[in-house]
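From just these sequences and the hints, can you work out the full model?
Residues in the sequence shown are numbered consecutively from 1, following our numbering.
Heads up, a few of these hints could be off.
[Claimed, not checked] Here are the simulated DSBU-like pairs of lysine-lysine, each with C-alpha atoms no more than 35 angstroms apart in a straight line:
#	residue 1	residue 2
1	255	273
2	302	291
3	291	273
4	269	302
5	302	316
6	269	255
7	307	291
8	255	223
9	255	171
10	276	291
11	314	302
[Said to hold, decoys possible] Ranges of calculated distance between the beta carbons of each label pair, as one might list FRET restraints:
#	residue 1	residue 2	range
12	245	147	20 to 28 angstroms
13	331	298	45 to 53 angstroms
14	240	99	45 to 53 angstroms
Rather than coming from a laboratory, the hints here were simulated on the basis of the structure. Backbone N, C-alpha and C define an ideal beta-carbon position, used for all residues, glycine too.
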Amino acid sequence: MSLTLDFTGERFVPGIPGEIVYEHWHRYAFAQSFARGRRVLDVACGEGYGSAFLAANALSVIGADISAEAIQHATARYGGVHSNLRFLQASAASLPLEDRSIDLIVSFETIEHLPQSLQAPMIEEFARVLAPGGLLILSSPNRPEYSPPGTPPNPFHVYELNREELETLLKPFFPSQIWLSQRLWFGSTLWREPVPSSGAMVAQAWQQQEDGRIAAARLPVAKYFIVLVARDAQTTLPTISGLSLFSDVGEEELKRLYHQAAEVLRLDKEGLKLQKTLEERTVRLQLLEEKRQSLEEELQRKDGEIKLLGYSLKDKEALLRYRESLIGWLRWPLSRLKRRFSGAGRSDSTHE
Numbered sequence: 001m002s003l004t005l006d007f008t009g010e011r012f013v014p015g016i017p018g019e020i021v022y023e024h025w026h027r028y029a030f031a032q033s034f035a036r037g038r039r040v041l042d043v044a045c046g047e048g049y050g051s052a053f054l055a056a057n058a059l060s061v062i063g064a065d066i067s068a069e070a071i072q073h074a075t076a077r078y079g080g081v082h083s084n085l086r087f088l089q090a091s092a093a094s095l096p097l098e099d100r101s102i103d104l105i106v107s108f109e110t111i112e113h114l115p116q117s118l119q120a121p122m123i124e125e126f127a128r129v130l131a132p133g134g135l136l137i138l139s140s141p142n143r144p145e146y147s148p149p150g151t152p153p154n155p156f157h158v159y160e161l162n163r164e165e166l167e168t169l170l171k172p173f174f175p176s177q178i179w180l181s182q183r184l185w186f187g188s189t190l191w192r193e194p195v196p197s198s199g200a201m202v203a204q205a206w207q208q209q210e211d212g213r214i215a216a217a218r219l220p221v222a223k224y225f226i227v228l229v230a231r232d233a234q235t236t237l238p239t240i241s242g243l244s245l246f247s248d249v250g251e252e253e254l255k256r257l258y259h260q261a262a263e264v265l266r267l268d269k270e271g272l273k274l275q276k277t278l279e280e281r282t283v284r285l286q287l288l289e290e291k292r293q294s295l296e297e298e299l300q301r302k303d304g305e306i307k308l309l310g311y312s313l314k315d316k317e318a319l320l321r322y323r324e325s326l327i328g329w330l331r332w333p334l335s336r337l338k339r340r341f342s343g344a345g346r347s348d349s350t351h352e
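Next up, the structure:
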């Protein structure tokens, strides 16, 4: 089995660059602290990277996906990495697991891939397999922001939800809820040294306004919602930080953006060169077109002269034929007269 799963444009595969890296890895990084010592179910695990990541801290992890290809790949690539990790093929709306057998369910970017008729059964299945005190961490694109009017739809998404619709689905089964927003937000990071041993930091956010002033940041609209929920109303939800940041040591996405910017500048320079060459060739083509029109006009004039010359030659040929016929007509009586006179001379001579 190949250790590389094809990237379809939707299912994240490690090694693929772009925003998708930060979005997907950040969700699993956020979930990892809740996985410690728990029985974890990763629904729609896809390639399996997230299940393997959670298995480092969890008591056990099951990665489930409806795709047989994805499960075969995940088993081949990660099955031998952690003894507490296994993968199974299953639908999110019909999980082959016992009631109350899971302590933590993570399901990132799953619900929008199901038809609306199966979304409530999926949430109900999550509630069925969760043990008392269990948690669900679920993410979903925010339809008004993810798919605003006029944008082409994501061909992999069947039914996207807005916040109200998602909350309506969750409330009957998961009354205790904490909502988080996620979106890539480019900026600078400033932190205190030394970092507190607890790792906790109080977050500030600043933003340059359109008029150039610097003011407290207006947080962007969520492109994705991440909801941390509990099945039981009496379950105390964990305390979470107000702001969670994710980056990579090599800043690969930033480097990729710099590379793209440099490539754009290079292509702009090449474009200017090509534009200049095109303009020069356009001028040459215009001159050639003018020359062609001039030659065509000269050719038409010559054609007219040739036609006139043809008419003149025909007239001369007709006159020559008439002259020859006239000469022929004159030769006939002259030949008779010549014979007559020549005959008369011989007669006179004989008579003498």
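Okay, the hints, checked on the actual structure:
The straight-line distance between the Cα atoms of residue 255 and residue 273 is roughly 27 angstroms, inside the 35 angstroms bound, and the hint therefore holds. About 16 angstroms separates the Cα atoms of residue 302 and residue 291, which keeps this hinted pair within 35 angstroms; it holds. Between residue 291 and residue 273, the direct Cα distance comes to roughly 27 angstroms. Compliance with the 35 angstroms bound is thereby established for this hinted pair. About 49 angstroms separates the Cα atoms of residue 269 and residue 302, which puts this hinted pair outside 35 angstroms; it is violated.
Distance hint between residue 302 and residue 316 is fulfilled; the C-alpha atoms sit about 21 angstroms from each other, no more than 35 angstroms. Proposed proximity of residue 269 and residue 255 is supported: the alpha carbons are some 21 angstroms apart, at most 35 angstroms. For the proposed pair residue 307 and residue 291, the alpha carbon gap of about 24 angstroms is at most 35 angstroms, so the pair holds. Under the criterion of a C-alpha separation no larger than 35 angstroms, the hint pairing residue 255 with residue 223 is consistent with the structure, at around 24 angstroms.
Only pairs whose Cα atoms come within 35 angstroms are accepted, and residue 255 paired with residue 171 is rejected, the gap being roughly 42 angstroms. Between residue 276 and residue 291 the CA atoms are separated by roughly 23 angstroms; this keeps the pair inside 35 angstroms, and the hint holds. Of the supplied pair hints, the one linking residue 314 and residue 302 holds, its CA atoms being roughly 18 angstroms apart against a limit of 35 angstroms. Between residue 245 and residue 147 the CB atoms are about 26 angstroms apart, so this pair conforms to the stated range of 20 to 28 angstroms.
The hinted window of 45 to 53 angstroms between residue 331 and residue 298 holds, with their beta carbons roughly 49 angstroms apart. About 28 angstroms separates the C-beta atoms of residue 240 and residue 99, a value inconsistent with the hinted range of 45 to 53 angstroms.
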